Structure formats: structure tokens, C-alpha cells
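Trainee: Sequence:
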Amino acid sequence: MDLTKRQHQIIDIVKENGPITGESIADRLSLTRATLRPDLAILTMAGFLDARPRVGYFYTGKTGSELLTEKLKQFTVHDFQSIPVVVNEDVSVYDAICTMFLEDIGTLFVVNNDANLSGVLSRKDLLRASIGKQDLREIPVHIIMTRMPNVTMCYKDDLLLEAAQSLIERQIDALPVVKEVESGFEVIGRLTKTNVTKALVELGRDQRL
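End of the sequence shown = 209 in full-length UniProt numbering, gap-free, step of one.
A few of these clues could be false.
[Said to hold, decoys possible] When the alpha-carbon atoms are kept at most 20 Å apart in a straight line, the in silico SDA-like pairs for lysine to any residue are as follows:
1. K15 / L29
2. K179 / D114
3. K198 / E70
4. K198 / D157
5. K73 / M45
6. K71 / K156
7. K73 / D114
8. K133 / I168
9. K198 / D114
10. K156 / I143
11. K5 / R54
12. K179 / K198
13. K193 / E180
14. K5 / T35
15. K156 / M45
16. K193 / G106
17. K198 / L72
18. K73 / T44
19. K73 / E180
20. K156 / K124
21. K156 / V85
22. K198 / S166
23. K156 / E180
24. K73 / Y94
25. K198 / R54
26. K124 / T107
27. K15 / R54
28. K193 / M153
29. K124 / D157
30. K73 / K198
31. K156 / K179
32. K124 / F101
33. K156 / E89
34. K124 / I172
35. K198 / E162
36. K73 / G47
37. K73 / K193
38. K179 / L167
39. K124 / E89
40. K156 / Y94
Everything labelled a hint here was simulated from the structure, so no lab data went into it.
Keep in mind that this is a model prediction, so the values were computed, not measured.
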């Protein structure tokens, strides 16, 4: 986050004199309290300063990078997950390829007749199945998918950083976001590398405001 010269001055004053009231900060800068109010609001919301009623402002002692890291650590999967694309385990490989192409995604989540997660299909799985002379309309996806319990999953309340680490370690493009039900795991979302990138972009945009 790029601070103005006056905002840097405010931080220096609070560092040296905190806790200090807004009126006292305004006096030191020869400004009115109303003129100073937007700057104090920005610095407080950004986390550089904190305020206590009838006490005043004080410096949090955190740098911009530390504040950025703290905010990133607060993100959960639910904040950035997208709508899952699922297919039944009995659909053909041909139909799965068509679905992946039409939805413009790299991973399909496979469910059984109870709508519970039973496996995952990647582009690599479908590409391997396409090599050869077999009729893709006759091969069900459950023959080639990665089956449970070998599927890496996440929950909506998991930290985004932890889920992103799973994507990196497993070298996969997407995780199914699931919730436990009596008969297994219901797919309620998906987390992809694109979702993680959006989180970083949003965080960076906030820091520029």
C-alpha cells in the first residue's frame, strides 16, 4: 500500500507519542480534525494504526508486508471457491471430454448415483484414454479416473494457504471442496490455481487503495 507523505507523518507522530488523540495529531500537523479524519480511517483500516475509545491512536508495530501476510493468512477456501463441474461415474470418456471442453476447465469431479464424490478426472487422464483405437463412447469414466480415497480434497473453512499448498505438493490443477454427509462426501465447490491467483490479485489491489 502506497502511503502519502501526510500519512507517513501521522504514523511517525503516533509512533513517538502514542497513544495520542486525533485532535492532538491534527494540532501537530496544523490541520483540522475533519481534514485528518480520512487519513486516520485509511491507516486504521489498513492495520498500521489501532484506536481505542477515550485513549487514542497507537502504532501496531507492523510493516506493510507483515499486514499483507496477515490478511492472506485469514483467507479461507470459501472466500474464493468457484462452482464445481461434476459428472456421473457412468458417463462416457467422450462425454467427459466434451464437458471439459465446453466448461473450459482442467478437472472434472466424478460422483456416484448418491451424488457423492467417487473420483477426479484430469486432462491427463482423458488424454491417456484418447490414445489408441478404443471407442471413447463405450468407456465409462470410472475406468480411468483417480478413485477415492486417493483424491485430495479440502473443506470450505480450510485456510486458502493450506489448500494452495496441497495444489503445489500434489501438482494438480484443482481440489474438490467437500462437506461430509452420512454416505460420503458431497462436492460443494472447487478450488483451482486460478482461484488462488484471484486472491493474490485482490490482495494486491487492496494494498494499492
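Trainee: So, for every hint listed, does it hold in this structure?
Mentor: Right, here's what the structure says about each hint:
1. K15 / L29: Holds, because 15 Å separates the two Cα atoms, which is no more than 20 Å.
2. K179 / D114: At roughly 14 Å apart (the allowed maximum being 20 Å), D114 and K179 satisfy the hint.
3. K198 / E70: Holds: K198 and E70 sit about 17 Å apart, inside 20 Å.
4. K198 / D157: holds, 18 Å
5. K73 / M45: With Cα atoms ~17 Å apart, K73 and M45 stay inside 20 Å; holds.
6. K71 / K156: holds, 17 Å
7. K73 / D114: violated, 35 Å
8. K133 / I168: Distance of about 34 Å is beyond 20 Å: violated.
9. K198 / D114: With a Cα-Cα distance of about 33 Å, the restraint between K198 and D114 is violated, given a limit of 20 Å.
10. K156 / I143: violated, 29 Å
11. K5 / R54: violated, 27 Å
12. K179 / K198: Measuring from Cα to Cα gives roughly 23 Å; hence the hint is violated.
13. K193 / E180: Violated. K193 to E180 sits at ~24 Å, over the 20 Å cutoff.
14. K5 / T35: Answer holds: K5 to T35 is near 14 Å, not above 20 Å.
15. K156 / M45: Violated. K156 to M45 sits at ~26 Å, over the 20 Å cutoff.
16. K193 / G106: With Cα atoms ~11 Å apart, K193 and G106 stay inside 20 Å; holds.
17. K198 / L72: holds, 12 Å
18. K73 / T44: Between K73 and T44 the Cα gap is close to 19 Å, so the pair holds against 20 Å.
19. K73 / E180: violated, 24 Å
20. K156 / K124: Violated - the C-alpha atoms of K124 and K156 are around 26 Å apart, more than 20 Å.
21. K156 / V85: holds, 16 Å
22. K198 / S166: holds, 17 Å
23. K156 / E180: This hinted pair holds, its Cα atoms lying about 11 Å apart.
24. K73 / Y94: Not satisfied, since the Cα-Cα distance of roughly 41 Å exceeds 20 Å.
25. K198 / R54: Not OK: K198 and R54 at ~40 Å, beyond 20 Å, violated.
26. K124 / T107: Roughly 9 Å separates the two Cα atoms, so the pair holds.
27. K15 / R54: holds, 18 Å
28. K193 / M153: Distance of about 14 Å is within 20 Å: holds.
29. K124 / D157: violated, 29 Å
30. K73 / K198: Satisfied, since the Cα-Cα distance of roughly 15 Å is no more than 20 Å.
31. K156 / K179: Roughly 8 Å between the alpha carbons, so the hint for K156 and K179 holds.
32. K124 / F101: OK: K124 and F101 at ~14 Å, within 20 Å.
33. K156 / E89: violated, 24 Å
34. K124 / I172: Since the Cα atoms of K124 and I172 sit roughly 10 Å apart, the hinted pair holds (cutoff 20 Å).
35. K198 / E162: Measuring from Cα to Cα gives roughly 16 Å; hence the hint holds.
36. K73 / G47: OK: K73 and G47 at ~14 Å, within 20 Å.
37. K73 / K193: holds, 17 Å
38. K179 / L167: holds, 19 Å
39. K124 / E89: Roughly 17 Å separates the two Cα atoms, so the pair holds.
40. K156 / Y94: The hint is violated at about 31 Å.
In this structure, the earlier hints numbered 7, 8, 9, 10, 11, 12, 13, 15, 19, 20, 24, 25, 29, 33 and 40 are contradicted, and the remaining ones agree with it.
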